[in-house]
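Student: In order, the protein sequences belong to chains A and B.
Whatever position you read off the first sequence (first residue = 1), add 271 for the working numbering.
Whatever position you read off the second sequence (first residue = 1), add 271 for the working numbering.
Calculated directly from the structure, the hints in this document are not laboratory data.
Where hints are given, some of them may not hold.
[Stated by the list, open to error] Only pairs whose alpha carbons sit at most 25 Å apart, straight line, appear in this in silico PhoX-like list of lysine-lysine:
1) K349/A with K328/A
2) K362/A with K695/B
3) K276/A with K486/B
4) K299/A with K370/A
5) K307/B with K349/B
6) K369/A with K370/B
7) K280/A with K486/B
8) K280/B with K486/A
9) K555/A with K543/A
10) K490/A with K486/B
11) K539/A with K284/B
12) K361/A with K299/A
13) K362/B with K375/A
14) K695/A with K486/B
15) K314/B with K448/B
16) K384/A with K384/B
17) K543/A with K620/A
18) K384/A with K448/B
19) K384/A with K369/B
20) K448/B with K370/A
[Unchecked claim] Stretch by stretch, here's where chain A covers chain B in the computed footprint (C-beta under 8 Å, at least three residues):
21) 276-290
22) 487-499
23) 503-514
24) 640-651
25) 671-682
26) 691-699
[Unchecked claim] Short, incomplete list of chain A residues facing chain B, as computed with Cβ under 8 Å:
27) L371
28) L380
29) L472
30) K486
31) E512
32) M627
33) Y636
34) V639
35) G650
36) T662
37) I675
38) G684
39) K695
40) S696
Quick reminder that beta carbons are idealized off the backbone N, C-alpha and C, glycines included.
2 protein chains.
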Amino acid sequence: MSNIKEIAKLAKKASYQLSSLPTELKNKALDAIADKLEVNSDKIFEANAKDLSEAKKFLASGEISQAVYARLKLDENKLRDMICGIRDVKKLPDPVNKKLWAMKLDEGLDLYKVSCPIGVIGVIFEARPDVIAQISALAVKSANAVILKGGKEAVNTNTIIFELIVSALNSIKEFPKNSINQVFSREDVAQMLELSDYIDLIIPRGGNALVRYIKENTKIAVLGHADGICHIYVDRMADWEKATPVIVDAKTQYPSACNAVETVLIHKDIAKEYLPVLISALRKSNVKVRGCERACAICADIVPANGNWACEHSDLVLAIKIVNDLIEAVGHINTYGSGHTDCIITEDKAACDVFMDLVDSAGVYNNVSTRFADGFRYGFGAEVGISTNKTHARGPVGLEGLTIYKYKLYGNGQVVDDYVSGEKSFIHQPIEI
Amino acid sequence: MSNIKEIAKLAKKASYQLSSLPTELKNKALDAIADKLEVNSDKIFEANAKDLSEAKKFLASGEISQAVYARLKLDENKLRDMICGIRDVKKLPDPVNKKLWAMKLDEGLDLYKVSCPIGVIGVIFEARPDVIAQISALAVKSANAVILKGGKEAVNTNTIIFELIVSALNSIKEFPKNSINQVFSREDVAQMLELSDYIDLIIPRGGNALVRYIKENTKIAVLGHADGICHIYVDRMADWEKATPVIVDAKTQYPSACNAVETVLIHKDIAKEYLPVLISALRKSNVKVRGCERACAICADIVPANGNWACEHSDLVLAIKIVNDLIEAVGHINTYGSGHTDCIITEDKAACDVFMDLVDSAGVYNNVSTRFADGFRYGFGAEVGISTNKTHARGPVGLEGLTIYKYKLYGNGQVVDDYVSGEKSFIHQPIEI
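In isolation and in its complexed conformation, chain A is listed as follows (with noise of 0.2 Å):
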């Protein structure tokens, strides 16, 4: 096993070296890897097969859940997907070198503020093995360098998609070595959670142990989430016709997703009459419904929620609460979410802006499912991940969250000195970019 410092260090020169890069010669590398592993697909089955029969020997005992050996599985489409993908990015824009901002500070003194790459990420992955390709192609085209860690189950897949990446980047000369790294064990991820002088950024995608494992061992900045805690607020306006099927959808849809429904808030106006309609449907979807007290006195087949309102049930389970307004629903979202998607269903307008302003969530949404919090369906083109940190990237992220920004400032020899003694003056012009 190679040390893993030396690869980080590696990885931090192949970064200065990747910010340069052309466009054109970013989208030759994607092209590069998504034709080999095409070319190569046999072999990724091989691979892919190794792992699912050593992945089975551990389904019995249940050490593996169905639900992980599925998504271990690579088929015909889930590689078509996966290559397709990496094509996808390469018609993206690309995220580095654009002028954001610019302003003369004075004749001859332009200041821009352009992006640039972040430099390097460690991403953390658990069973799929369709992201080490997905994620390779977003940073080769963000210009960043990553280390990629992906689950010990997929080891083989992993293993084998990531030598025809590097394999590929390597017949393109220009290309920086060392700009796509992989590491295997969790020492290795420890290790790796301790290089903050190499390491700029870690992205865990995976469940909340995982992230908060994470969170809880490096002083670097992690870009993800944990929970996803969404709630949906029903309110005394609320058009019921909106309201049932975006909260069947919110629940039901994909129930085990981050940006599922996990409660739903009732104005005590309307929850004797709402309240039955809604159990009606969602019990027709196999939902189990968990209430308050008030909501149990109106449903007697309510089974009580007992306070317990921060849970992600992942499952289709859906708590009920009954709240005397809009502010106690805003308090309850602001204590008990995670900050990740929450939707009011309202007709009045001056409500949905309240609710708006002081729900503190990367998504904060009118009359709509929180199922479409996804970075696809914001048409970002790519997704790294959903974010509820208050600082860099909130929300879903695309290519634009694996990047920081410069300062570039040309000047014609300007001296400090000559603008605090008074005998120069700035004029901070905004210059049109």
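Fit chain B to the given chain A structure using the hints.
Tutor: Just chain B now, with coordinates in the frame of chain A:
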């Protein structure tokens, strides 16, 4: 002493209310603060006199330096500047609730990316009592709640300024209580650093030791910089008429500033001729020079640097190294620099482009003093600090760095299932903002 967790909880609650305040109300609050401080200047000077007389006792023993004593002293000019600064912040555009981007996902399904405050910001600063007013003004304008911890030397001055600010804010009924908070001891700071559930960002304003202590002891995002090791590279194609005054300004105009130059790199082809010219100019400004072996060989009276290239001298001391080419210069800067601000002196556009792309710093300059790295000089109107982070905000940070964004999605009952089943499809049309 109040419980810090209680303070942070109340600040969090205030932060939710702050987020929807109209610009006029925030500006009214800033006026009220400025007026209150103006009217009560006597009380402020009285408190400051107490701090100064306490500090004087420690001057002799060296526990407090002359520089700290000077920063602690609040005279008529400093107070006027402080109050003027608050009125300047009032004039800045509101950084909150700006539409940053918008996309029509489908007919009747509109997505807006809108700027919003970060939440609760902890600011830890050293002796300067004008910081408390400056940060409070920035917090009010950006609608963030703050928890302030000032230096113990300034406790009387800080407390009276804090009380006047709170009393001004309390005079405005609609302004949320507990928006601006103060804590006092080192133990309070240690507690603050633990409160990642309530505090969203920490801004340390002070010496390297303070910043390092904070970065090493919190999971909360930290905005700032520890070191400021800035470089100027004098290229083969440099105009010496520009190089010399720029270097002298960058070293001498304010030697203890973080954006002062610490190391000058000189291309080997010009070293023999240019080094003596530079040394002579530096000596006129009383700058002591440390050099690499090759530099010492050219000018025998240079003190050897002994490979000590990662040193922030904060004094009239400059290290000089001769490099073989541009790439060695870039490598040196990326190895020993602090990612703050670095400059190339050259008339060669291609060399300038390579330098600016490859040097991984917040500011990359051509033919201009590194001392320009400053929010006011950049035209931001206010400065929160200078960040060497690779995520969120980089370089001089103005009001914008105290904001993040949220996604607001407006629909009329749309469900994801329709888009997954193929019944509907996204149109993804950018909306003009």
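Student: Compare the structure with each hint and give your call.
Tutor: Against the structure, the hints come out as follows:
Annotation: proposed proximity of K349/A to K328/A holds, straight-line Cα distance about 23 Å (limit 25 Å). At roughly 23 Å between alpha-carbon atoms, K362/A and K695/B fall within 25 Å of each other, so this suggested pair holds. Restraint check for K276/A and K486/B: the C-alpha separation of about 21 Å stays at or below 25 Å, so the hint holds. Our distance criterion of 25 Å between C-alpha atoms is met by K299/A and K370/A, whose separation comes to about 23 Å.
A hinted pair counts as satisfied when its Cα atoms are at most 25 Å apart, and K307/B with K349/B qualifies at roughly 16 Å. Taking the CA atoms of K369/A and K370/B, the gap is near 19 Å; set against the 25 Å cutoff, the hint holds. For a cut-off of 25 Å, the pair hint linking K280/A to K486/B stands: about 22 Å separates their Cα positions. Our distance criterion of 25 Å between C-alpha atoms is met by K280/B and K486/A, whose separation comes to about 22 Å.
Restraint check for K555/A and K543/A: the C-alpha separation of about 20 Å stays at or below 25 Å, so the hint holds. Restraint check for K490/A and K486/B: the C-alpha separation of about 8 Å stays at or below 25 Å, so the hint holds. In summary, the hint linking K539/A to K284/B is supported, as the alpha carbons are separated by about 24 Å, within the 25 Å threshold. Our distance criterion of 25 Å between C-alpha atoms is met by K361/A and K299/A, whose separation comes to about 9 Å.
Proposed proximity of K362/B and K375/A is supported: the alpha carbons are some 20 Å apart, at most 25 Å. A hinted pair counts as satisfied when its Cα atoms are at most 25 Å apart, and K695/A with K486/B does not qualify at roughly 38 Å. At roughly 23 Å between alpha-carbon atoms, K314/B and K448/B fall within 25 Å of each other, so this suggested pair holds. Of the pairs offered as hints, the one joining K384/A and K384/B holds, with about 20 Å between alpha carbons and a cut-off of 25 Å not exceeded.
The hinted pair formed by K543/A and K620/A meets the criterion: a straight-line CA distance of about 24 Å does not exceed 25 Å. For the suggested pair K384/A and K448/B, the alpha carbons sit about 37 Å apart, so the restraint of at most 25 Å is broken. Among the hinted pairs, K384/A with K369/B is consistent with the structure: their alpha-carbon atoms are about 19 Å apart, no more than 25 Å. The hinted pair formed by K448/B and K370/A fails the criterion: a straight-line CA distance of about 40 Å is larger than 25 Å.
Here the region 276-290 of chain B counts 4 residues with a CB under 8 Å from a CB of chain A, which clears the bar of 3, and the coverage holds. Counting residues of the region 487-499 of chain B whose C-beta lies closer than 8 Å to any C-beta of chain A gives 4; at least three are required, and the coverage claim holds. For the region 503-514 of chain B, the stated coverage by chain A is satisfied: 3 residues place a CB nearer than 8 Å to a CB of that chain, which reaches the threshold of 3. Under a criterion of three residues with beta carbons nearer than 8 Å to beta carbons of chain A, the stated coverage of the region 640-651 of chain B is upheld, 7 such residues being counted.
Figure legend: the region 671-682 of chain B, annotated as covered by chain A; annotation consistent (8 residues with Cβ-Cβ distances under 8 Å, at least 3 required). Residue count for the region 691-699 of chain B with a Cβ under 8 Å from a Cβ of chain A: 3. That meets the three needed, and the coverage hint holds. Look at L371/A: its Cβ only gets to about 11 Å from chain B, farther than 8 Å, so that hint breaks. Taken as an interface hint, L380/A checks out: its beta carbon lies about 7 Å from the nearest beta carbon of chain B, inside 8 Å.
Because the smallest distance between the Cβ of L472/A and any Cβ of chain B comes to about 6 Å, under 8 Å, the interface hint for this residue holds. For the restraint placing K486/A at the interface with chain B, the shortest Cβ-Cβ distance is roughly 7 Å, inside the 8 Å limit, so the hint holds. At its closest, the beta carbon of E512/A sits 7 Å from a beta carbon of chain B; the interface hint therefore holds under the 8 Å criterion. Taking 8 Å as the C-beta contact cut-off toward chain B, the hint placing M627/A at the interface holds, the least distance being around 5 Å.
With 8 Å as the threshold, the beta carbon of Y636/A comes within range of chain B, its nearest partner Cβ sitting at about 5 Å, so the hint holds. Given hint, V639/A at the interface with chain B, holds; its Cβ is 3 Å from that chain's nearest Cβ, closer than 8 Å. With its C-beta approaching chain B no nearer than about 4 Å, G650/A sits inside the 8 Å limit, and its interface hint holds. With 8 Å as the threshold, the beta carbon of T662/A comes within range of chain B, its nearest partner Cβ sitting at about 4 Å, so the hint holds.
Against a cut-off of 8 Å between C-beta atoms, the interface hint on I675/A holds, since the closest Cβ of chain B lies about 5 Å away. Residue-level restraint check for G684/A holds (minimum Cβ-Cβ distance to chain B is 3 Å; threshold 8 Å). Against a cut-off of 8 Å between C-beta atoms, the interface hint on K695/A is violated, since the closest Cβ of chain B lies about 11 Å away. Because the beta carbon of S696/A sits about 11 Å from the nearest beta carbon in chain B, more than 8 Å, this interface hint is broken.
The structure fails to meet hints 14, 18, 20, 27, 39 and 40 from the earlier list, while all remaining hints are met.
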